[in-house]
Amino acid sequence: MIEQIKMALRNIRKRKKRAALTMLGVFIGIAAVVALISLGQGLQYTINQQFEKVGADKIIVQAKEAAGFTGQSAPGKMTERELTVTERAPAIKQTAGVLYRAIQVQFNRVQRTLFIASVPETQREATLATAVNLWEADQGRLLTHKDSDKIVIGYNIANKKTFGKNARVGDTFLISNQKFKVVGTLKRTGDPGLDNGLVMPEQNMRDILNESDAYSMIFAQTEQGVNPDEVAERIERLIRRDRHQDEGKEDFMVQTSTELIESFNKVFNIVQIVFIGIAAISLLVGGIGIMNTMYTSVLERTREIGVMKAIGAQNKDILITFLVESALLGLTGGSIGILIGAGISKSVELIVNNSFGPGTLLAIYPVQLIFGVLIFAILIGAISGILPAKRAASLKPVEALRYE
Amino acid sequence: MKDYLALVLGSLKKRILRTMLTALGIIIGIAAVVALISLGQGMADAINAQFSGVGADKIIIQGATAGFGPPGQDTPGKVDEDDLEIVKRTPGVSRAAGRILQSVTVEYADTTQTIFAASLPEKHEDRDLVIGANNIAVADGRLLKPTDNKKILVGYHYWTEEHFPRDLQLGKSVLINGENFEIVGFLKKIGAGRDESIMMNEKDLRELTKNKKEYSALFAQIVTGEKPSQIADKIQRAIRKDRHQKEGFEDFTVTTSEELISSVNVILGVVQGVFIGIALISILVGGIGIMNTMYTSVLERTREIGVMKAIGAQNKDILILFVVESGILGMVGGAIGILIGFGLSKLVELASQNALGDILQASFSWQLIIGALLFSFIIGTISGIFPARQASKLQPVEALRND
Numbered sequence: 001m002i003e004q005i006k007m008a009l010r011n012i013r014k015r016k017k018r019a020a021l022t023m024l025g026v027f028i029g030i031a032a033v034v035a036l037i038s039l040g041q042g043l044q045y046t047i048n049q050q051f052e053k054v055g056a057d058k059i060i061v062q063a064k065e066a067a068g069f070t071g072q073s074a075p076g077k078m079t080e081r082e083l084t085v086t087e088r089a090p091a092i093k094q095t096a097g098v099l100y101r102a103i104q105v106q107f108n109r110v111q112r113t114l115f116i117a118s119v120p121e122t123q124r125e126a127t128l129a130t131a132v133n134l135w136e137a138d139q140g141r142l143l144t145h146k147d148s149d150k151i152v153i154g155y156n157i158a159n160k161k162t163f164g165k166n167a168r169v170g171d172t173f174l175i176s177n178q179k180f181k182v183v184g185t186l187k188r189t190g191d192p193g194l195d196n197g198l199v200m201p202e203q204n205m206r207d208i209l210n211e212s213d214a215y216s217m218i219f220a221q222t223e224q225g226v227n228p229d230e231v232a233e234r235i236e237r238l239i240r241r242d243r244h245q246d247e248g249k250e251d252f253m254v255q256t257s258t259e260l261i262e263s264f265n266k267v268f269n270i271v272q273i274v275f276i277g278i279a280a281i282s283l284l285v286g287g288i289g290i291m292n293t294m295y296t297s298v299l300e301r302t303r304e305i306g307v308m309k310a311i312g313a314q315n316k317d318i319l320i321t322f323l324v325e326s327a328l329l330g331l332t333g334g335s336i337g338i339l340i341g342a343g344i345s346k347s348v349e350l351i352v353n354n355s356f357g358p359g360t361l362l363a364i365y366p367v368q369l370i371f372g373v374l375i376f377a378i379l380i381g382a383i384s385g386i387l388p389a390k391r392a393a394s395l396k397p398v399e400a401l402r403y404e
Numbered sequence: 405m406k407d408y409l410a411l412v413l414g415s416l417k418k419r420i421l422r423t424m425l426t427a428l429g430i431i432i433g434i435a436a437v438v439a440l441i442s443l444g445q446g447m448a449d450a451i452n453a454q455f456s457g458v459g460a461d462k463i464i465i466q467g468a469t470a471g472f473g474p475p476g477q478d479t480p481g482k483v484d485e486d487d488l489e490i491v492k493r494t495p496g497v498s499r500a501a502g503r504i505l506q507s508v509t510v511e512y513a514d515t516t517q518t519i520f521a522a523s524l525p526e527k528h529e530d531r532d533l534v535i536g537a538n539n540i541a542v543a544d545g546r547l548l549k550p551t552d553n554k555k556i557l558v559g560y561h562y563w564t565e566e567h568f569p570r571d572l573q574l575g576k577s578v579l580i581n582g583e584n585f586e587i588v589g590f591l592k593k594i595g596a597g598r599d600e601s602i603m604m605n606e607k608d609l610r611e612l613t614k615n616k617k618e619y620s621a622l623f624a625q626i627v628t629g630e631k632p633s634q635i636a637d638k639i640q641r642a643i644r645k646d647r648h649q650k651e652g653f654e655d656f657t658v659t660t661s662e663e664l665i666s667s668v669n670v671i672l673g674v675v676q677g678v679f680i681g682i683a684l685i686s687i688l689v690g691g692i693g694i695m696n697t698m699y700t701s702v703l704e705r706t707r708e709i710g711v712m713k714a715i716g717a718q719n720k721d722i723l724i725l726f727v728v729e730s731g732i733l734g735m736v737g738g739a740i741g742i743l744i745g746f747g748l749s750k751l752v753e754l755a756s757q758n759a760l761g762d763i764l765q766a767s768f769s770w771q772l773i774i775g776a777l778l779f780s781f782i783i784g785t786i787s788g789i790f791p792a793r794q795a796s797k798l799q800p801v802e803a804l805r806n807d
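In the order they appear, the protein sequences are chains A and B. Using this note's numbering, read the first sequence as starting at 1 and increasing by one per residue. Using this note's numbering, read the second sequence as starting at 405 and increasing by one per residue.
Careful, some of the hints might be misleading.
Quick list of the computed label-pair ranges, beta carbon to beta carbon [as the list claims (entries may be wrong)]: (1) A/H244 to B/D637: 26 to 34 Å; (2) B/L421 to A/I320: 20 to 28 Å; (3) A/G170 to B/D637: 49 to 57 Å; (4) B/L672 to A/G343: 49 to 57 Å; (5) B/I789 to A/I320: 55 to 63 Å; (6) A/N265 to B/G673: 44 to 52 Å; (7) A/Q224 to B/K650: 32 to 40 Å; (8) A/I276 to B/L672: 41 to 49 Å; (9) A/L350 to B/L547: 58 to 66 Å; (10) A/E80 to B/E630: 46 to 54 Å.
Hints are computed from structural coordinates only; laboratory data are not their basis. Built from N, CA and C at the ideal position, the CB exists for glycine as well.
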C-alpha cells in the first residue's frame, strides 16, 4: 500500500498542472460546502443557545392563528381566566401572562410603530416573564413589578438610531400622549422584534390599549423533575374543559419550549439541506474532473501498465494503483478545500459581527464536519477513479505494450 | 473558420470519452442554473400574476404595523368607515371599498378549524370592486347577495382539500364562532393565500366579531390616467388631516399596488441571486475541467502543432484553433445542459402541481436560452485561453522533437 501511495504521488507530481487543476475542481466545491455548513451550524447553535437559556421547563399557551395572515386578533385569545386555569394545573411552579402589541411611540420628534411587551405586576410573574423573554439589562436596570410610567428600550433603539439618535437612560418617550421615562436598555437578543421594541408595565399597556384582561401569551414554568410534555397536556385539558371544547377542536395551543425548538430546527435543517445540495453539485462536477484526469492518465500510461503486467503485476495491483492515485487527488483537494472553506466562513463571521454587533454569528467547525468532509473527498476521488482504474486493470499486456 | 471547425470537431471526436466527461461538467452546472432560473422566474411570474389580478391602479390603506413580532398583535392605527368616506371623496379615486379579515373558528363534522373570514361589502359598487379586483367567482353554487343573511362562500382550498372528516357541501350548515351559517357557494381558485378563507357579508362578520365600523384594509381604484403615487399622497394627506396627525406621525399606511409588487420582486430577486450564485460555483468547476482537458490536449498534440507551424501556421492560427475547440466544448455542454435543465424544472413543476395545485409554472424565456448558451461558450473560451496560448507559443523545432 505504501509503495502504491508513493507511486501515485510520483505520478501526480509528474503532471503537476493537470493535478493542480483537477484538485482545484474538488476544493472549490469542498470549500463552498464547508463554509455553508460551518455558518449554518453556527447560526443554529447560537439560536439553540438562546432557547436553552429559556429552559426546557417552560410552557407557552397562546391562541391558534389561521395560517397565512398575521396582525389579526385570533378568536381563542388568552385572558386572565386562562392564566388562573393554567396556575391550577398540577406541578406548575409559576405562571405569567404577557401582552405583545404594536404601538405608536414618539421620541426625538420622530414617530415609529414599535413592538411592545408588558411586564407583569407581581414579582414572581415578572421574574418568569423576564426569564422566558431573555430580557437582560445592558445599561440602567430592568423593570420590576412596582414600576409605573417607566420603560426599558431594546438594543437597536439605544444603539442603532431608530429615532434618528440613540436613546439613553433618563430620556423620555411619548406613547399615546403619555410620558414614559427610560430606566434601562436591553442587551442585544438577535430577535428583531425585541431589539427594535420596548418593555413597559402591564397596567400602563392596558390603559393605552384599553384592554382589560387579554394576554398574548401565557408562560408557565414546571416544577423540577416533572415531564413538561405531561404538564402541557394537563394544561391543555384544563383550558379545554374550561372553554367547553372537545379534543381536536381547541382554538388555542399549548407548547413546551422543547417542542418550539424542535419545530424551528426542522425548518432550519431543510433550508440548510437545500443550500448544501446545490453547493454539492459542484462537487459532482469536480468528481467528473477527477474521472477525466484518471482516464487520460490511464491512456498515457498504457505502455507502463503493459510493462507492469508483463513483469507479473496482477489486475488487482493495477486497479489499486489507480484508485489510490484518484483518492489522493480527492483527499488533497478536500484538505485544501477545508482550509479555504474555514477561511471563508471566518471572514463572513467577522464581517457580520462587525456590522451587526459581536456574537451575532459564529462559524463552528465540529470534528465530525472536518473528518466527514475529508472522508467524503476521498470517496469522491476513489469513486471517480473506479471506472478508469478498471479499464487500466483490464488492459491486455500484449496490446498495452504494442500501444503508442 | 470552416477549416478550424472541421479540425476542432475531428480532434474532439478522436477523444470522445474525454470530450464527453469534460462537457458533462458544464452540462451539470448549466442544467442546475437553468432549472433554478426558470423555476425562480416562474415563481415571480405567478406572484406578479396574482398582483396583476389586483391591478397596478389600486391603493391599499391600512393601520401601521411594527412589521415583526409574534402573531396575534393588533395594529395600533385602525381604518374604519369614516376613512373609507374620506378615500371615496379624494379626487382621482374612482371607487373604494373596505374589507375585514378576521380569523374565526369553524366547526363542522365534529371538528373545529381556525379559518380566515373575509367580508364582502353590501353596497353594490363597493361589492363590484372587491369581486372584480379579486377575481371572485363561484365554481359551484352561487355568489352571496347583499341581502343574504348568515350565508358563506367557501374558498377553493377548503372544498378541494380535506380539512374536515366529511367534505363541506352546498346547503349544509357550519358553526362559525358558535353561530349557524349556510354554505351557498364554492369559490374558484383565486390565488395562494386567498384561497384559504371563507367569505361572508360584512354585516354578518361585524356581528360575529363585535366590530362596529373598523376595517382591516381599504382598497381604492384610481381614475384611468391618474398616477397611483400622486393619488396615494392625496389620500394620505386627507386622512392625516382628518386625524390631526403631522407628516411622519401617521398611524396608518397608504401603499400603491405597484409598490407592493416591486417590494415582493426585490425579495424574490435576492433569494434567487443567492441560489444561482451557489449553483454558479459548479459552472466554475466545469470551466476548470475544460481548462484541464485543453492543457492535456495541447500536450498530446505537441507534435501536430509543430507540424502545423512547420508548414506555415501562424501563432494566431494555433491560438484560434484551441480557443474554438474549448469554446465548442463549452457550448455543446451548455446546449445539452439547457435541455436537461428544462427537463428538471418541468419535473419540479409537475411535482409541485401534483402536491400543491396549479401554482408554479417553469418559465423559459429566449433570453434565458440564448444567455445560457452564450455564457457556456464564453466559459469554454476563457478556460481555453491559457492552454491555447501555451500551444501557440511552442517553438516548431522543439515541438517536432517532442515525443
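Hints, one by one, checked against the model:
no.: 1; hint: A/H244 to B/D637: 26 to 34 Å; verdict: violated (51 Å)
no.: 2; hint: B/L421 to A/I320: 20 to 28 Å; verdict: holds (22 Å)
no.: 3; hint: A/G170 to B/D637: 49 to 57 Å; verdict: violated (38 Å)
no.: 4; hint: B/L672 to A/G343: 49 to 57 Å; verdict: violated (31 Å)
no.: 5; hint: B/I789 to A/I320: 55 to 63 Å; verdict: violated (38 Å)
no.: 6; hint: A/N265 to B/G673: 44 to 52 Å; verdict: violated (28 Å)
no.: 7; hint: A/Q224 to B/K650: 32 to 40 Å; verdict: violated (54 Å)
no.: 8; hint: A/I276 to B/L672: 41 to 49 Å; verdict: violated (22 Å)
no.: 9; hint: A/L350 to B/L547: 58 to 66 Å; verdict: holds (60 Å)
no.: 10; hint: A/E80 to B/E630: 46 to 54 Å; verdict: holds (51 Å)
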